[in-house]
Amino acid sequence: MEKYLYIALFAPFVSSLFSALFAQQKKMQFVGIVAPILIGISLMSSLLLLSHVHESGEAVRANLMDWIVVGDMNITFGFAVDQVTAVMMVVVTTVSTVVHIYSNYYMDHDISFNRFFSYLSAFVFSMMILVMSDNFLGLFIGWEGVGVCSWLLIGFWYHKKDESKDVNPSVSPSWAANEAFIVNRIADLGMLVGIFLIYWNLGTLTYTEVFAQLGTLDHTLLVWIGITLFIGAMGKSAQFPLHTWLTDAMEGPTPVSALIHAATMVTAGVYLVIRANPLYSQIPEVSYGIALLGTFVAIFAASMALVNRDLKRIVAYSTLSQLGYMFAAAGLGAYWIALFHLAAHAFFKALLFLGAGNVMHAMHDELDIFKMGGLKKKMFWSFLMMGLASLALAGIYPLAGFFSKDAILEAAFNEHTYGIWFVLWLTAGLTAFYSFRQVFIVFLGDERYHEIGAHPHEAKPYALWAMSVLAVLAVIFGWFREDFMEFITKFLPAYEMSEHTHHMVWILTIVTTAIAVTGILVAFFKYSKKLNRSEKTENSFAYKLLYNQYYIPHFYEKAITKPYAELSEIAWQELDMKVVDATVDGIAKTIESSGDVSRRAQDGNLSSYLKWMTAGFVLITIIAVISVVIK
Amino acid sequence: MEAIAFYIFGVLIVGLFLVTILSRDILYSMSALAAGMVMISGLFFILGADFLGAVQLVVYSGAIMALYAFGMMFFDATREVKEKHGSGLLVFILSGASALIMVIIFAAPAIGNKIEPLVQATKGVDNPHAIGEVLFTKYLIPFEVAAVMLLVAMIAGIILASKKMDESLSEVYVGADPETEKKEQV
Amino acid sequence: MTITLTHYLVLSAILFTIGLAGVIRRKNLLMLFFATEIMLNAANIAFVSISSFINDLSGQMFALFIIAIAASEVAVGLGLLILIYKKYGTLDLDKLSTMRG
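So the sequences go chain by chain: A, B and C.
Take the first sequence: its letters are residues 1 to 631, numbered as in my numbering.
Take the second sequence: its letters are residues 632 to 817, numbered as in my numbering.
Take the third sequence: its letters are residues 818 to 918, numbered as in my numbering.
Hints in this document: simulated from the structure, not taken from any laboratory.
In this text, a Cβ means the ideal position worked out from N, Cα and C, and glycines have one as well.
Just so you know, not all the hints are guaranteed correct.
[Stated by the list, open to error] Which residues of chain C face chain B? A few of them, derived with a C-beta cut under 8 angstroms, are: (1) Ala852; (2) Thr853; (3) Leu874; (4) Leu881; (5) Ile883; (6) Ile884; (7) Ala887; (8) Val893; (9) Leu898; (10) Ile899; (11) Ile901; (12) Leu913.
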């Protein structure tokens, strides 16, 4: 089985290197064929590993090499595939394969076609390291790896210029890439501190050893470790207040958004919390804080999605919101439910993004949904798939989202945290509304796209076939909830609902479905015929507040970015120019002027040379005499 | 007796050499130099280095001075040397300092105590004889190397001096060559 | 009052310094040669006197070789001086200086 482990891990790496060979050349179709095949091989290996883990119930372990051996420190490059990892691997490789195939369609006319595949495969490789590592340091390497790949891919169209806000309300790709990277650096510092704390106090970083020794640690220390690690998770999973980068990351190519910023990388934070469940189950106060933050982010992001007009940003906000759901579940101790929602969400959210990619392609990269409409006629299959994905997202029976989201709400109810339950319940309604607002505005109603002179067309069949895999999964994945639970709870702690909750399940389900359906119906009546816009609403304070993302980006710019830039300016002008540069220049000038003075010694006159020589002779003899006398 | 001779010679040498380096007239300088050389050979005789005294007389006072004398025919020797003497102070300080230091070094009592004779002079044999023995046994190879060096110098002297010259001038050096050859035989 | 080795060495040092002063004072190349001869002779005196006082012939050998070297030096050096004089018409170092340092 080790063999498959290595194949699953290194097939994306080979794919990346292979594509990188042609990165500087113009589009080569075979790159777009080889890369998905290699990722597909990785998927096959992951499935084999999954079935092996399923049958044997034991983790597959492999030790690639000793990595850092310094004194007492011994960190190995080890990998372990247990139940959680196997699920993550399958999710990652499935979405990756689909996205790789889809990218052939989406990036068809891009000049950097080969480079794109290289980055994308490198991302998959980093993600595999992240989920497969059996220690925190390997996880951190993968963590940084996906960060770098994310940076590369968000900024893939780095040549696009910054435009003023009235021309283009979004930011430039390179700006977005840097923002994502810098915000993640801040969070990663927290994570590093957590890792250091673990190593400092336990002398090991391997999961099994760390979790076995957790009981020996002080409670305060555990809280600190839990908080610092969660800060890392907050950055990667874009939780408040580090959430701004995720929506700006939509500047990257849409397949990237589907793979990285919906399905895999942003869920790494959730994965970390699930992975460290023995730690978080010992510090309930931190866990509760995580649940609260997740709940807050869920409704916070959903509220911003209500009014947004950008096709991809709406989906990005919904991703943020769903991540909040996952953290809420993990924080409440329902780790397997969090993982289940993670997997289900990966499928339907990737599908949603790819559908959005189709629309973007059809509309010539137009993102404003108010300029679309009536696309159903031209793009029926895209409409169907996006509709399916939105249904799954809204949590309508019998699609995947229904089962996973319902389970989270049940868990919230079961913990008697009714506030959390209520907010999440409300968010479910909002989710249904904004998802279908988007779908209806884009695909139904009057055909506004004529105004911008677009000629919509359906995506190529193979892209639709690739998406159909996700569509099928988005529909049927929820049906395997019981199997999933049975499988995963061999590793993760089981989560038992109380008797009371069991009685309430039916009522809860009905209530939840009711609000979701209500949301969809409201969206239908408001937007299915034509675009209803009212000046009054759009000028209201609430609308503006939401549309401007609660003014948080403005606040960050005013309170952090600007002062920092000014500080840098001062440091540059005052410190760098006047101290550092002056010192360096001073040294150079001293040397130059001393050379200018001593140049006169070399006047080409033998007589003066002889004088110098005599002076040297006198000097040396004086030194000799002195040294003899001193001795 | 030795002391008187030493002081006479010493004062004479110092005086003559001072004339050499201070005189404006090259002829005076050269004459003083030649005289100084002769005086030095006197010192050698006092020290019992008879052979070296003779060589000093022959080579320095004879050959080298003759060489200078002939060489000076090429330069306008009768004219007074016009030189710009920059800072006399600098020359004075430098030479004074080095003189002081060297005198200190040589006058220091430590010098001379630790020196062990390398080649003991044979007792009861006169100086030229002893030198001959050492020269042709222990210092044979340096001696032959010196001979080759003199040959090379002779050829170099001829070539340098006779380059692009009229015949009459080059003859001057042909005349000087036997002198060099004679030194080889020393 | 006996004459010791030190007397000779001090005399030698004085003569050497006279030579040195000549070297740094004079600007005429020929005078420089004279001064060099003085320095060589000063060294010779030191060699011979030490040789004589410790009864060792090595010093005299060295003096002999120094004389040989001085002879070669004069032969080659005078040739060069003649060439310089032919080319520049002077032996003054200040006038021979070509660099504008």
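Hints, verified against the model:
1. At its closest, the beta carbon of Ala852 of chain C sits 6 angstroms from a beta carbon of chain B; the interface hint therefore holds under the 8 angstroms criterion.
2. Restraint check, Thr853 of chain C versus chain B: the minimum CB separation of about 11 angstroms is more than 8 angstroms; hint violated.
3. Taking 8 angstroms as the C-beta cut-off, the interface hint given for Leu874 of chain C holds, the closest approach to chain B being about 5 angstroms.
4. Taking 8 angstroms as the C-beta cut-off, the interface hint given for Leu881 of chain C holds, the closest approach to chain B being about 6 angstroms.
5. Checking Ile883 of chain C against chain B by beta carbon gives a least distance of about 10 angstroms; that is not within 8 angstroms, so the hint is violated.
6. The interface hint given for Ile884 of chain C is met, as the beta carbon of that residue sits about 5 angstroms from the closest beta carbon of chain B, less than 8 angstroms.
7. For Ala887 of chain C, the interface hint holds, the least distance from its beta-carbon to any beta-carbon of chain B being 7 angstroms, beneath 8 angstroms.
8. Annotation: interface hint on Val893 of chain C holds; nearest CB of chain B at approximately 5 angstroms, less than 8 angstroms.
9. Taken as an interface hint, Leu898 of chain C checks out: its beta carbon lies about 7 angstroms from the nearest beta carbon of chain B, inside 8 angstroms.
10. For Ile899 of chain C, the interface hint holds, the least distance from its beta-carbon to any beta-carbon of chain B being 5 angstroms, beneath 8 angstroms.
11. Taken as an interface hint, Ile901 of chain C does not check out: its beta carbon lies about 10 angstroms from the nearest beta carbon of chain B, beyond 8 angstroms.
12. Contact between Leu913 of chain C and chain B, as hinted, is not supported at the beta carbon level, the nearest pair being about 12 angstroms apart and thus beyond 8 angstroms.
Of the numbered hints stated above, those contradicted by the structure are hints 2, 5, 11, 12, listed in ascending order.
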